Amino acid sequence: MVKSKIQNNIRKLRFNSGEMTQQQLADEVGVSRQTIVAIEKGNYSPSLELAFRISHVFNTPLEEVFTYNSETP
Amino acid sequence: MSYQEKQNIVNIFSGLLITGIYAILVYQRHLRGVFDLTEDFRKWGVIFLIFMGVSIVARIILYIIFHIINAIATREEKLPIEDERDKLIKLKSTRNSYYTFSGGCITAIVWLALGMPVYGIFVAFVATGLLAEIVDNGSQIYYYRKGV
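Residue numbers (the working numbering), protein chains in the order written: chain A, 1 to 73; chain R, 1 to 148.
If you're looking for bench data, these hints aren't it; they were derived computationally from the structure.
Model, not experiment: these values are computed from the prediction.
All clues stand as given, with none of them false.
From the structure, some residues in chain R lie toward chain A, with a derived Cβ separation under 7 Å: (1) S2; (2) P80; (3) I81; (4) D83; (5) E84; (6) R85; (7) G147; (8) V148.
Below 30 Å or equal to it, Euclidean Cα-Cα: the simulated DSS-like pairs (lysine-lysine) are: (9) K146/R <-> K92/R; (10) K146/R <-> K6/R; (11) K146/R <-> K41/A; (12) K87/R <-> K41/A; (13) K5/A <-> K41/A; (14) K87/R <-> K12/A; (15) K87/R <-> K146/R; (16) K6/R <-> K90/R; (17) K41/A <-> K90/R; (18) K146/R <-> K78/R; (19) K5/A <-> K92/R; (20) K12/A <-> K41/A; (21) K78/R <-> K41/A; (22) K90/R <-> K146/R; (23) K41/A <-> K6/R; (24) K5/A <-> K90/R; (25) K146/R <-> K12/A; (26) K78/R <-> K6/R; (27) K6/R <-> K87/R; (28) K5/A <-> K87/R; (29) K146/R <-> K5/A; (30) K41/A <-> K92/R.
Restraint ranges, calculated between C-beta atoms of paired labels, are given here: (31) L114/R <-> D27/A: 55 to 63 Å; (32) G30/A <-> Y99/R: 27 to 35 Å; (33) V46/R <-> N69/A: 56 to 64 Å; (34) L62/A <-> L88/R: 15 to 23 Å; (35) L48/A <-> L16/R: 35 to 43 Å; (36) H56/A <-> I106/R: 47 to 55 Å; (37) L48/A <-> L114/R: 48 to 56 Å; (38) K5/A <-> I72/R: 37 to 45 Å; (39) N69/A <-> M1/R: 26 to 34 Å; (40) K5/A <-> Y99/R: 20 to 28 Å.
Built from N, CA and C at the ideal position, the CB exists for glycine as well.
Model the full structure from these sequences, guided by the hints.
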C-alpha cells in the first residue's frame, strides 16, 4: 500500500467539530467522500490548496491538521 | 466498491467484448475469402476506421446501460464529482497505458525486423491497444484501492 509521509488529524478534528461526517467535509472543500477517506487513511497526500481548504473548514492552522513524518520509510 | 472502480471494470470487459466480437467477425470474413488480410493493407485501414466508429457507439450504449443499472442498484442518480485525486489517478494510469502501447509498438517493429509478416504489425496494434486499455483501467482500479 502507498503510505504517505504526511499524517493528519482530520478524524479527530471532525469529531471535535460536532461529529462532522466525511461527506459534509467533502462537500465543504469540494472533493468526493472517497478522497477524504483516502486522505484520512494516509493513502493520498492532498494538494497544498486542498490542504488549506481543509484547515480553513476546521479554522485551524495547517500544521495542526497535517504533519510531515520524515522517518516513515 | 466505488463508482469509478465499477466503471473501470465495465470498461475492461466492454473493451474485451467489443474487440473480441469485432475481431471474430473480421477473421470469419477473412476465412470465407471476402478479403485477404495478409495482402490487402488498404482493407486494414478500412477495418480500423469502422472499428473506431463501432467501438465508440458500443461503448456509449454500454456506458448508458451501466449508469442505469448502477443508479437502480445504488439509488444514486448524481455522478460523483471529479476532483484532484481522480485527475491524478487518470494521469498516472494514462502514463502506464502509453508505456504499454509504446512497448507493444516497439516489440512489433522488432518482430517485423526479424521477419514477421507485415500484416502482423496490424494485429500487434490491435492487441497492444487492447492491452494498453486494460492497463489503463487496471491501473485506475489499483490506485483507487491502494492509494496514489
